[in-house]
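Chemist: For the sequence shown, my numbering begins at 5 and goes up steadily by one.
No lab work stands behind these hints, which were simulated from the structure alone.
Any given hint could be a false lead.
Here are the simulated distance ranges between beta carbons [unchecked claim]:
(1) VAL43 x VAL64: 17 to 25 Å
(2) ASP75 x ARG97: 30 to 38 Å
(3) ALA76 x LYS45: 27 to 35 Å
Distance condition first, Cα-Cα at most 27 Å in a straight line; then the derived DSS-like pairs of lysine-lysine [to be verified]:
(4) LYS56 x LYS105
(5) LYS56 x LYS45
(6) LYS89 x LYS67
(7) LYS67 x LYS105
(8) LYS45 x LYS89
(9) LYS89 x LYS105
(10) LYS56 x LYS89
Glycine included, C-beta positions come from ideal geometry on N, C-alpha and C.
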Amino acid sequence: MASNRLNWIKLLTAFAAFAVIASTATAGGAKTGGARVAVAKSSLGRILVDSKGITLYDFVEDKGTRSTCYDACASLWPPLITAGKPIAGPGVRASLLGTTKRTDGELEVTYNRHPLY
5 MASNRLNWIK LLTAFAAFAV IASTATAGGA KTGGARVAVA KSSLGRILVD
55 SKGITLYDFV EDKGTRSTCY DACASLWPPL ITAGKPIAGP GVRASLLGTT
105 KRTDGELEVT YNRHPLY
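Please build the complete structure, drawing on both the sequences and the hints.
Modeler: In structure tokens, the structure reads:
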């Protein structure tokens with residue numbers, strides 16, 4: 005009985021931690037201006053990051069610039085939303101930055117025609 009309760013506590017703690025991380029990642033999108041994208045160094049090499057240093061990803065199921073990540077997918081991998089023209093930070097080629105309009109009406113940042121999450 006005690007081990008079941010401990011497992012539930014662990015599960016709820018993990019879920020709460022995930023919810024905090026997910027809400028922080030969602031807040032990474034710019035609401036009043038252009039979202040900033042920069043290049044950072046990692047153990048895997050150079051990667052794209054948002055203004056908070058959070059790693060950005062593309063989704064292989066996306067078709068060109070059209071985002072296909074919604075609902076549960078977008079809650080796990082929040083799209084990088086912008087309210088204006090994206091800003092190229094250090095290491096980013098501004099000519100490769102763009103946007104795509106999502107079916108929910110938001111503007112998602114793209115890099116080399118790939119939506120970013």
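Chemist: Verify the proposed pairing of LYS56 with LYS89, using a straight-line Cα cut of 27 Å.
Modeler: This hinted pair holds, its Cα atoms lying about 18 Å apart.
Chemist: For the pair supplied as a hint, LYS89 and LYS67, is the alpha-carbon distance within the 27 Å limit?
Modeler: Distance ~22 Å between LYS89 and LYS67 Cα, so the pair holds.
Chemist: CA of LYS56 to CA of LYS45, is that 27 Å or under?
Modeler: Given pair LYS56, LYS45 holds - Cα atoms ~14 Å apart, limit 27 Å.
Chemist: 17 to 25 Å was suggested as the range; check whether the CB atoms of VAL43 and VAL64 agree with it.
Modeler: Holds: the Cβ-Cβ distance is about 21 Å, inside 17 to 25 Å.
Chemist: Honestly, do ASP75 and ARG97 meet the 30 to 38 Å range at C-beta?
Modeler: With Cβ atoms ~32 Å apart, the hint holds.
Chemist: Take a look at whether the Cβ-Cβ distance between ALA76 and LYS45 falls inside 27 to 35 Å.
Modeler: Given about 32 Å between the Cβ atoms, the range holds.
Chemist: Given the hint that LYS56 pairs with LYS105, test it: the Cα-Cα distance must not exceed 27 Å.
Modeler: holds, 23 Å
Chemist: Between LYS67 and LYS105, is the straight-line Cα distance small enough, at 27 Å or below?
Modeler: holds, 13 Å
Chemist: Given the hinted pair LYS45 and LYS89, is their Cα-Cα distance within 27 Å?
Modeler: holds, 24 Å
Chemist: Need the status of pair LYS89, LYS105: alpha-carbon distance at most 27 Å?
Modeler: Measuring from Cα to Cα gives roughly 12 Å; hence the hint holds.
The structure meets every hint from the earlier list without exception.
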